[in-house]
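Peer 1: Heads up, the sequence shown is in the numbering used here, so the first residue is 2 and it goes up one at a time.
A few of these clues could be false.
Cβ pair distances, simulated, as ranges [to be verified]:
no. : residue 1 : residue 2 : range
1   : 168       : 64        : 57 to 63 Å
2   : 99        : 174       : 30 to 36 Å
3   : 120       : 151       : 15 to 21 Å
4   : 220       : 278       : 40 to 46 Å
5   : 244       : 217       : 25 to 31 Å
6   : 244       : 292       : 21 to 27 Å
7   : 197       : 144       : 19 to 25 Å
8   : 180       : 214       : 18 to 24 Å
9   : 180       : 95        : 41 to 47 Å
10  : 64        : 130       : 52 to 58 Å
Honestly, the hints are just simulated from the structure, not real lab data. This one's a predicted model, so the numbers in the text were calculated from it and none came from an experiment. We treat Cβ as the ideally placed atom computed from N, Cα and C, and that holds for glycine.
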Amino acid sequence: MPPIDREHVETTGAVPVSRLTPAGCDRPDGSMPCNSRRHGGGAASPTDDRGGVNRRRWMQLMGASMALAAAGGCRWEAQDILPFAKRPDGRTPGMFKQYSTAMPRGDSVVGLEVTCVDGRPIKVEGNPRHPMSLGASDAYAQAAILQLYDPDRSESVKLRSGDKIERSDWKAFDETCKSLFRRFGETGGEGFRVLAEPDSSPTLTALRTRLLEALPKAKWFEYEPLGDDNFRAGSVFAFGRPLRTQLMLDRARVIVCLDADLLNDHPASLRYARDFAARRDPDGPWMNRLYAIESGVSLTGAAA
2 MPPIDREHVE
12 TTGAVPVSRL
22 TPAGCDRPDG
32 SMPCNSRRHG
42 GGAASPTDDR
52 GGVNRRRWMQ
62 LMGASMALAA
72 AGGCRWEAQD
82 ILPFAKRPDG
92 RTPGMFKQYS
102 TAMPRGDSVV
112 GLEVTCVDGR
122 PIKVEGNPRH
132 PMSLGASDAY
142 AQAAILQLYD
152 PDRSESVKLR
162 SGDKIERSDW
172 KAFDETCKSL
182 FRRFGETGGE
192 GFRVLAEPDS
202 SPTLTALRTR
212 LLEALPKAKW
222 FEYEPLGDDN
232 FRAGSVFAFG
242 RPLRTQLMLD
252 RARVIVCLDA
262 DLLNDHPASL
272 RYARDFAARR
282 DPDGPWMNRL
292 YAIESGVSLT
302 GAAA
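Take these sequences, add in the hints, and give me the full structure.
Peer 2: Now the structure itself:
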């Protein structure tokens, strides 16, 4: 703004009206020849002729500075990321992925679908394409997921020395196994015995086959406190060889259970429960009947 002419103000008592011009662009004759003159609302220059910063540029710089200061002042919670040993191609981290698997149940299996996030299972459901589950799951399958995150599960290898059980590690376990296999390998496995629980896992079956091929004189025994040895003995008596019976409850009109909980404790209880319920339709051609003779209360007895 040009200075006020004090002599003119004192004689006339009027204040001249001045026109605002960009700093450094006013001349005594009132012309504005500098490049910062605005024409028709055009954009102003980022800086004026004296190297200063206009308001728009100042707001941009301050906004960027505040954004950087806010981002630098954030405190994120420390998290440990456990990556895959080999990440599958085309996989996005953090996405849900379903896997089909099977859970051993005695000498049978239950087909399941497990939902995983970055390789960690979080949910178990039945596999609708598996003939033994048909999309259903029971309490044992739901509780199996908790075993993976149980804080009381074994975290190290235990070594029994006489009557004492001491904590060991996997390195010592590997060294012990190597020495045992080296010693029994010289005799073909003579005196080497393995005690395991019944398991229908193909992986365990392959390991057992390889072990017995390497040590032909070794013996593999399976034991289960509450097993189905009587079923196998009965099939040998009736058919001449050990067999596993598969009931077709959806075709039975009358079902009699003699102290047998087919709908809960049986390895094929999920399939049996589905087949039994399929013939309980009052609008169907016929309904089945269930009789249970038992010494204790069971789910099958309650259904009867």
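Peer 1: Evaluate each hint against the coordinates.
Peer 2: Going through the hints against the structure:
1. 168 to 64: 57 to 63 Å: holds (60 Å)
2. 99 to 174: 30 to 36 Å: holds (34 Å)
3. 120 to 151: 15 to 21 Å: holds (18 Å)
4. 220 to 278: 40 to 46 Å: For residue 278 against residue 220, whose Cβ atoms are near 44 Å apart, the range 40 to 46 Å holds.
5. 244 to 217: 25 to 31 Å: Once the Cβ atoms are compared, 28 Å apart, the range 25 to 31 Å for residue 217 and residue 244 holds.
6. 244 to 292: 21 to 27 Å: At 25 Å between Cβs, range holds.
7. 197 to 144: 19 to 25 Å: With a Cβ separation near 23 Å, residue 197 and residue 144 satisfy 19 to 25 Å, so the hint holds.
8. 180 to 214: 18 to 24 Å: holds (21 Å)
9. 180 to 95: 41 to 47 Å: Holds, since residue 180 and residue 95 (Cβ atoms, about 45 Å apart) stay within the stated range.
10. 64 to 130: 52 to 58 Å: Cβ of residue 64 to Cβ of residue 130: about 57 Å, so the range 52 to 58 Å holds.
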